[in-house]
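Trainee: Top line first, the protein sequences correspond to chains A and B. Using our numbering, the first residue of the first sequence is number 3, and each one after it goes up by one. Using our numbering, the first residue of the second sequence is number 1342, and each one after it goes up by one.
Simulated from the structure, these hints should not be mistaken for lab results. Please note that the accuracy of each hint is not assured.
Unchecked claim - Chain B stretches covered by chain A per the calculated footprint, using a threshold of three residues with CB under 8 Å from any CB of chain A:
1. 1353-1359
2. 1365-1377
3. 1382-1390
4. 1397-1405
5. 1418-1424
The beta carbon of each residue, even a glycine, is placed where N, CA and C say it ideally should be.
So you can see what is in the structure, the chains are spelled out below.
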Amino acid sequence: MSDLNKLTIAQARDHLRAGDVTAVQLTEACLDAIAGAEKLNAFVHHTPELAIERAKAADARIAAGDAPAMCGIPVGIKDLFCTEGVPSQAASRILQGFRPEYESTVSAQLRDAGAVMLGKLNMDEFAMGSSNETSVYGNVINPWKVDARDLTPGGSSGGSAAAVAADLCLAATGTDTGGSIRQPAAFTGTVGIKPTYGRCSRWGIVAFASSLDQAGPMTKTVRDAAIMLQAMCGHDAKDSTSADLPVPDFEAMLTGDIRGQKIGIPREYRMDGMPAEIEALWKQGADMLRDAGADIVDISLPHTKYALPAYYVIAPAEASSNLARYDGVRYGHRATLGQGDGITEMYEKTRAEGFGPEVQRRVMIGTYVLSAGFYDAYYNRARKVRSLIKRDFEQAFAAGIDAILTPATPSAAFGLGEMAEADPVQMYLNDVFTVTVNLAGLPGVAVPAGLDAQGLPLGLQLIGRPWEEGALLNTAHVLEGATGFVSKPAKWW
Amino acid sequence: MSEIDLETARKVAHLARIAVPEGNLPALAQELSQILTFMEELNAVDVEGIEPMTSVTPMRLKRRQDGVTDGDIQAKILSNAPDAREGFFAVPKVVE
Chain A
3 MSDLNKLTIA QARDHLRAGD VTAVQLTEAC LDAIAGAEKL NAFVHHTPEL
53 AIERAKAADA RIAAGDAPAM CGIPVGIKDL FCTEGVPSQA ASRILQGFRP
103 EYESTVSAQL RDAGAVMLGK LNMDEFAMGS SNETSVYGNV INPWKVDARD
153 LTPGGSSGGS AAAVAADLCL AATGTDTGGS IRQPAAFTGT VGIKPTYGRC
203 SRWGIVAFAS SLDQAGPMTK TVRDAAIMLQ AMCGHDAKDS TSADLPVPDF
253 EAMLTGDIRG QKIGIPREYR MDGMPAEIEA LWKQGADMLR DAGADIVDIS
303 LPHTKYALPA YYVIAPAEAS SNLARYDGVR YGHRATLGQG DGITEMYEKT
353 RAEGFGPEVQ RRVMIGTYVL SAGFYDAYYN RARKVRSLIK RDFEQAFAAG
403 IDAILTPATP SAAFGLGEMA EADPVQMYLN DVFTVTVNLA GLPGVAVPAG
453 LDAQGLPLGL QLIGRPWEEG ALLNTAHVLE GATGFVSKPA KWW
Chain B
1342 MSEIDLETAR KVAHLARIAV PEGNLPALAQ ELSQILTFME ELNAVDVEGI
1392 EPMTSVTPMR LKRRQDGVTD GDIQAKILSN APDAREGFFA VPKVVE
């Protein structure tokens, strides 16, 4: 069988169980694809020996008949996840050389399920960015290309999205604080789900904004998202916010039947200046769900327009606190000190050298909004607005809405460097449709839904009720089937 | 529009323990001002009587016994330190 790297998780699982493919063969196909895709700059730390070792172990497990669905599946891991003995630096200079002595809970669960880690994936520094341009490793290039320009794969999980779209791995882990799984999925024609806050343990994942961060899978299909999410979820005593709830069989919930489901279309997501193509795609998506038997209902989420400013108070505030730990004492980079420099100079020089401009900006904004005299005006007000945003969703769900359909992004992938001259707020607008979901702690999934006139993928987002990822994925599965999206980027790299 | 002056920018950089050269302060002050202006859209929301959100999911945090759960891993803890000596993290002199 050729092109094993192009398989979905579900296909690979079935071949592995049938015995006509081995995990070692799958892994070798991916390692070859990775070696031939240096230009994309998606994989930044390679672990081929570890991968082959784990693939051999997976083959033994499959032969013994003890194989969970992820057993033998080659995956990429975002650099934000701490992986034992393997560099984990959140794409930041400040964690250069850091090799964790421990494994994050999510990557440990994948490892224990038999998944094969191929290496670590590029991302925006500390997951702060929407274009993968803030990484210490340099930009990731989107495998989708329509002219001479190199396009962004989105961010922050840009390496994960590019690697999955280019078939360098069967799937990848991502994390999502304001849209960092869903926006890159939409920019690369892949599927990405951010589960309900608390579904996946945050333990061992480098923290950005603890009340917003969630891990999730980035995959080629909705079925794969269901399979991989299952392996990543579950209660973990090491994360006090991890939910002690049973994890259902998400794949078994993909029945394809959404008759009678009420799908809300929030009027506030119709933004001024939204491209007509995105508006049309959104309407088309609603029509498809209606054709499948769902009721399409217009709804209102009145505080939507305040989500971005609230997010850009809360996320930097939490980040400034979380990133205080990078002080050059216990791990990572320490600046070379001058004669007479004391501990304050050590902190200040280390953090100036170690953090890139966007991270510095957010840490300082967070410091400002938490400082004496401004805490109430900014931080507390933003938390009150957050309550209102969450209440908007609660009221929609209480009125019987099962899921909400929105565009995933306000545009298709843009060119790398095109936003360099824009002020930071322009870049933040990328998250306008996704950020509400993090603020309310809800599950959200991006599904590829079509191509724009240039030939670039566009995605739609479905937002679900808390803890109902199974039903949400079922609706996404129906949408995926109806759009019939099968396009792949033509190989140029 | 919110104006962050140079003095405030210098103070914020110091509170954040990030060394910012004097020459970069005007640009930093301008960027911070732009972002704060964007945040001030929140002033249009009526938040009278609304509690600030403190918990994402209505869940009581789990408790455990206040006991030792880990330990005897000094070498692991120090393995990534930029400067570790005699079983300690080493830093520049703090007390004269």
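Trainee: Work down the list of hints and note, for each, if the structure agrees.
Mentor: Hint check results:
no.: 1; hint: 1353-1359; verdict: holds (count 7)
no.: 2; hint: 1365-1377; verdict: holds (count 6)
no.: 3; hint: 1382-1390; verdict: holds (count 6)
no.: 4; hint: 1397-1405; verdict: holds (count 6)
no.: 5; hint: 1418-1424; verdict: holds (count 6)
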